[in-house]
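Protein chains: 2
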Amino acid sequence: MSLVVVGSVAYDGVETPHGKVDRMLGGAATYISLAAAYFTPVKLVGVVGDDFAQEDSDLLASRNIDLAGLERIAGGKTFFWAGAYSDDMNDRTTLRTDLNVFADFNPRLPEAYRAEPYLLLGNIQPALQRGVLAQMSQIKLAGGDTMNYWIRDYRDELLQTIAKWDFLLINDSEAQMLSGWRNLRRAAEVIQGMGPRTLVIKRGEYGAVLFHGDDHFIAPGYLLEQVFDPTGAGDSFAGGFIGYLAGEGVAANDADCATLRRAVIYGSVMGSFCCEKFGVDRFRSLTREDVDTRFREFQSCTKF
Amino acid sequence: MSLVVVGSVAYDGVETPHGKVDRMLGGAATYISLAAAYFTPVKLVGVVGDDFAQEDSDLLASRNIDLAGLERIAGGKTFFWAGAYSDDMNDRTTLRTDLNVFADFNPRLPEAYRAEPYLLLGNIQPALQRGVLAQMSQIKLAGGDTMNYWIRDYRDELLQTIAKWDFLLINDSEAQMLSGWRNLRRAAEVIQGMGPRTLVIKRGEYGAVLFHGDDHFIAPGYLLEQVFDPTGAGDSFAGGFIGYLAGEGVAANDADCATLRRAVIYGSVMGSFCCEKFGVDRFRSLTREDVDTRFREFQSCTKF
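The listed protein sequences derive, respectively, from chains A and B. Using the numbering used here, the first residue of the first sequence is number 1, and each one after it goes up by one. Using the numbering used here, the first residue of the second sequence is number 1, and each one after it goes up by one.
In short, the hints are calculated from the structure, not lab data. It is possible that part of the hints are untrue.
In this list, chains with the same sequence are indistinguishable; a pair is considered to hold if it fits within one copy or across any two.
[Claimed, not checked] Below, a list of computed lysine to any residue pairs in the SDA-like style, where the Cα atoms sit at most 20 Å apart:
hint, residue 1, residue 2
1, Lys164, Ser300
2, Lys277, Arg186
3, Lys303, Asp292
4, Lys277, Gly13
5, Lys303, Arg262
6, Lys77, Gln138
7, Lys303, Leu223
8, Lys303, Tyr206
9, Lys164, Leu133
10, Lys303, Arg185
11, Lys303, Arg261
12, Lys140, Thr287
13, Lys277, Arg182
14, Lys277, Arg185
Sequences and hints are given; from them, build the entire structure.
What follows is the structure in structure tokens.
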């Protein structure tokens with residue numbers, strides 16, 4: 001019973017007010033997988049060049065993450081992204097995007113992946129996301145992420161894709177772009193009408209809102225003492241959310257509100273840890289016990 | 001056992017994407033008093049001109065709000081403010097500020113106000129705020145609001161003033177300006193060190209955070225179906241917060257976290273209702289039962 005995660009595996013260069021790293025492991029599928037692996041076995045689908053370091057494969061492999069679906073292109077270079085954050089960390093400027101081998105990414109699932117019940121589609125071309133879902137035979141719960149670029153320029157394709165998803169995870173500005181409404185309740189109504197019964201709207205440091213059928217759940221953001229590097233926080237959120245649901249064996253037709261609400265909090269917990277160090281570094285030392293401790297902290301500082 | 005509320009009583013002109021009103025009842029003390037009056041008797045201190053309409057006094061008087069401290073200046077005009085909101089309601093531009101009689105506001109408390117136990121100081125000159133507190137003889141719980149202008153240009157005076165407060169209510173950008181920290185936990189530590197043991201940082205639609213001693217409580221914002229006019233929402237929050245505490249008979253030295261947390265939620269509830277109609281209009285029909293219903297809704301949509 002594994003979770004299949006599809007998306008970018010990359011190297012990132014990041015500058016924040018706290019420092020600068022020229023090249024470190026990154027990519028949506030990396031963060032999603034590392035976060036989800038605290039809850040469930042993961043099978044990753046992605047593509048890298050032959051510059052992808054052994055220590056980075058080793059890190060992923062050491063965490064219950066199956067790399068049979070991580071294609072390596074001989075002579076190719078791994079996707080590279082570089083960005084810089086503003087002083088308040090709320091804006092970031094992309095300094096460089098070298099798609100490299102990711103430009104021709106066409107995810108093919110290894111045979112051993114196809115009967116898995118859980119699927120999280122990271123932000124890639126909607127048609128590719130649709131192709132992945134079509135390769136899977138026994139899905140219990142599937143969904144994913146998207147971004148402004150696909151919403152604006154590939155709208156029809158995106159709508160066809162998410163029509164088949166059980167859940168969609170997007171941020172608030174994307175929800176507005178997709179629905180035409182800034183008001184989250186109105187936006188959610190429109191987006192749920194597009195297919196996904198479950199919608200999670202991420203609001204960065206302000207938390208997230210879950211809509212599931214007629215229910216909604218408002219989760220505030222965990223208050224960190226310091227945000228060191230927000231890169232990957234949204235993907236770590238996604239990983240915690242779907243990882244928890246997969247670990248609990250939840251299927252789309254029996255997903256209850258209480259379990260989905262806990263999944264949102266586990267998502268927030270994983271996103272909050274991600275911000276505490278550069279890149280994936282916090283996950284190197286993070287334990288499942290740390291995760292559960294923060295979940296309980298979340299309860300105690302939101303209860304009334 | 002009343003709450004004394006000090007601050008502006010005004011007429012406002014407001015433009016939002018939903019419409020325009022040229023002149024309507026407004027002012028911080030008005031919103032604070034109307035919201036607090038759902039929980040406790042209120043004694044208002046303010047100043048108006050002889051253009052202040054009978055129907056507006058009548059509205060306040062009908063709500064358990066004592067107007068003995070509302071000075072009327074013969075031949076004077078009431079404070080007038082006009083502003084326009086951006087499409088997303090998150091920014092507003094001040095179009096006009098005529099201080100009129102408010103320019104010489106020097107709050108004198110009627111004898112009958114001075115032994116009251118609760119005090120909420122709306123945003124006025126810090127020295128005036130200090131003078132009001134000095135007129136009161138049996139305070140159980142006192143605090144108030146301030147704004148960027150006093151923080152920047154009257155810092156020393158403001159620090160002397162809040163040093164004597166049990167609680168301070170400010171928004172996130174003001175907390176940053178006052179403390180030098182954008183991070184709320186760090187900002188709170190610095191501000192609590194200035195005097196107020198209890199600090200509420202308001203975050204607009206994203207909710208509020210309460211710091212009390214070592215405890216903190218993160219409250220998300222209530223999700224309205226439509227924000228009609230946010231004018232007065234922060235003051236209505238303050239009114240709900242202090243009104244609830246006064247109604248419960250809480251004193252500074254026995255304020256417990258659980259009660260303060262509920263006060264923050266009642267604050268959010270009153271702020272959310274305020275946004276549903278222009279100006280104070282929502283309070284014309286709002287009942288205490290509506291308030292308690294929304295408090296329970298808040299519980300049900302934040303529980304996990």
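Comparing the hints with the structure gives:
no.	hint	result
1	Lys164 / Ser300	neither (37 Å within a copy, 30 Å between copies)
2	Lys277 / Arg186	between (36 Å within a copy, 18 Å between copies)
3	Lys303 / Asp292	both (17 Å within a copy, 17 Å between copies)
4	Lys277 / Gly13	within (14 Å within a copy, 48 Å between copies)
5	Lys303 / Arg262	both (14 Å within a copy, 10 Å between copies)
6	Lys77 / Gln138	neither (34 Å within a copy, 74 Å between copies)
7	Lys303 / Leu223	both (15 Å within a copy, 18 Å between copies)
8	Lys303 / Tyr206	both (17 Å within a copy, 17 Å between copies)
9	Lys164 / Leu133	within (9 Å within a copy, 62 Å between copies)
10	Lys303 / Arg185	between (23 Å within a copy, 18 Å between copies)
11	Lys303 / Arg261	both (14 Å within a copy, 8 Å between copies)
12	Lys140 / Thr287	neither (28 Å within a copy, 46 Å between copies)
13	Lys277 / Arg182	between (32 Å within a copy, 18 Å between copies)
14	Lys277 / Arg185	between (34 Å within a copy, 18 Å between copies)
Checked against the numbered hints given earlier, the structure breaks hints 1, 6, 12 and satisfies all the rest.
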